[in-house]
Every structure is written in structure tokens, then in C-alpha cells.
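Heads up: the protein sequence lines correspond to chains A and B, in order. So for the first sequence, the numbering used here puts the first residue at 3; every next one is plus one. So for the second sequence, the numbering used here puts the first residue at 729; every next one is plus one.
Hint data in this document are derived by calculation from the structure and do not stem from the laboratory. Backbone N, C-alpha and C fix where the C-beta goes; we use that ideal spot for every residue, glycine too. A portion of the hints provided could be inaccurate.
Once the Cα atoms are required to be at most 20 Å apart in a straight line, the calculated SDA-like pairs of lysine to any residue come out as [as the list claims (entries may be wrong)]:
hint, chain 1, residue 1, chain 2, residue 2
1, A, Lys93, B, Leu949
2, A, Lys67, B, Val957
3, A, Lys67, B, Ser889
Residues from chain B shown here face chain A by an in silico Cβ test under 7 Å; the list is partial [what the hints assert, rightly or not]:
hint, residue
4, Gly738
5, Gly740
6, Gly857
7, Asn864
8, Tyr945
9, Leu949
10, Leu950
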Amino acid sequence: MKRQGGAQNAAPAEDDGDTTDNENEGGSVTVTCGASSQVLEVAGKSIAYVRREYASVFNIGRESKAMLNGAEENDESHILEDGDNLEFVKKSGDKA
Amino acid sequence: MKELNIVVVGIGGVGSALVPKLCRYCQHIKPQVPVSLVLIDGDLYEQNNANRQSFHRFGNKAEVTVEALAPQFDRIQLSAIAEFLKPDNIDFIIAEGSIVFLCVDNNTSRKMVDDFTHKFKNIVVICGGNDMTDGNVQIYIRRKGKDITASLADIHPEIASPQGKAPYQMNCEELAMASSPQLFFANDLVSALMCLVFYQIIEVKDFLDKPRFGELYFDMLLGRVESVVRNPVVKVAQVDRKKCKGKSKPAKKGR
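All chains should be modelled from the sequences, with the hints used to inform the complete structure.
See below:
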């Protein structure tokens, strides 16, 4: 069962799901944006957390679509699980 | 494979680097099959193109390129269309079974081709583009009336909702201002990755039915090329996850 971030714990209204509950999942997620790809220990974190924390590392655009395991994922509060593949879709090259 | 019908849209930095490579490969392809290679571009070679493109005279890019290559590659039926691709002529240029190399610098043209090719039972679109030192090549494959990979617009919202005009919509002044600085090496990398895809289509069994990737990204500064799977998009209503809470989760899709 997938958890909404912050659903169980008292959390501020602005919480974007980057807190984990006491059953810390842990685990690795492959995060990709364009040609950049790394395995990060962010299972248990939300997509929004990864987008925010790694925006500069991966050069993630604000409008970049999130794809989870090959399918578009619109819910930024979705909690990542061990073994997930999270891609922030990089824009197509403008020139030719 | 009975024949190859190839269309190259755009003979700019990427297209002009791509076409000689395609010609050299197709000239010696085995077993021998008829190869038709149509180049389409309404733009002209000018002096300021010389830093990225090779040409022996000024003139329409498609015509000048065919003129240069046809004597070297006599097994290929090379032809030029000295127009920009537009809704009026796309019907005559892209046909069932074509392999379309999309080497254009605007998303309006990309969307036009993407929308048009949805109607075919069998078609391949290989779309490439770059920024200064990075870029991508995306593959859209349709086989027997079904998407094998996601279409260009399914993945890239900037193609689904393009800003700006296609060249055929621009006046001379707009066309003159449309070009921007580029790095030849980035153009050449895009063309090489497009050739990588073409090689897979021709030589790797079942690539068109079971492609191992749907998009390639490169970054010259990082020294990396990354492949990504692009499963066809199933257009159904999104499941409300809150309503599904407590129920078994769907199977996770692997890469």
C-alpha cells in the first residue's frame, strides 16, 4: 500500500511528504534526468523531495514531468520505494 | 526487408551531418534492397552556415546536398524537396512504412509530424535535437497499427504544446533571426545517435517490436549517454490513489 507523505504524523500543512514514518523503508532509487543518472538512498521520500533536493545536481527543470517506472506520475507526494526508477523528463533539444 | 523509404526532414546542422552517414551505410547494405532517400528543407545554404555544415555552393540545402551526394552513392534514389514541411505537403512526403529522421529546430514541426504519423499502421520517427552541449534522440515506432513506443508529444509537453512558429509560418525576417549559436560537435553527436538507432532497426532482430530503449540523451560536459525506455502511453483515466488506499497495489513496471 502506498503512503501519502505525512499522512500518519502530525505534519505542517505545507509538508510535501518528505517525512517518513517510524517504519523507515530505506532503499535505493535510480534517479535520472537527461544523461544524468544516479542511484540514491531516497526510498521513503516523496517525488517532491527528490525534485527539490536534487534540482541542481540533476539540473531538473521546474516543469519537468516525473516518470515513475516508465509511467507518468502526477502525484508529487507519492512515496518512493526500494528499486523504483524515477525520471524527470528533460526537454528535447531545441536546435538542430 | 524489401525496401527502405527514408525521409530526412531538415538539412541543417544535424541533417547535413546525418545524410552522408546514411548514404554510406545504405550504399553497401546487405542484402541489397531498393533505397529511397528524400531530403526536405526550404532553407538555403549561406556563408554563416559554414562553421557547422559542409556544402559546395550556395542554394537550397536539400538540392545542394543531393547534388553533392548522388554521384557518390549510385545505389540510392536520392531526391530533394526544396520546401519546408507543412500541412499542405506532408501527405506527399511521408508515407506508410517510412523511416522519418526529424532534424528540425522547432517543436511546431515536430508536433506536426508526430500528429500526422499516428494514422499509419507502420512508421518510425527518429527525432533529434540539441542545445549547446547536450541533446536527445527519441524514437516513435508504430507497428501493425499499435504504438510500440510513446509518441513524441506523449513524453515531451513542449512538443505537445509548442511555442513559436514553424519555418513555413515565418517571413524572411523571422527566418533570418531564427538561427542561434550551436556547436557542430553536438549536431554531429545527434546524427551519430540517430545512426545508432537506424542500425538497430536494420540489423537487430525484433528491435521494432521490442526496442530496448525509446530515447537517448547525451551530455558532452558530463561525458555520458543515457538510454531510457519509452513505453506507449495508455490513455485511461488516472486512478484515484486515495480511493485505492488499503487495496493491493498494481504491479510495478520495470525499466
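Do the hints match the structure? See the list:
no.: 1; hint: Lys93/A to Leu949/B; result: 17 Å, holds
no.: 2; hint: Lys67/A to Val957/B; result: 15 Å, holds
no.: 3; hint: Lys67/A to Ser889/B; result: 14 Å, holds
no.: 4; hint: Gly738; result: 6 Å, holds
no.: 5; hint: Gly740; result: 5 Å, holds
no.: 6; hint: Gly857; result: 3 Å, holds
no.: 7; hint: Asn864; result: 6 Å, holds
no.: 8; hint: Tyr945; result: 4 Å, holds
no.: 9; hint: Leu949; result: 9 Å, violated
no.: 10; hint: Leu950; result: 6 Å, holds
In this structure, only the earlier hint numbered 9 is contradicted, and the remaining ones agree with it.
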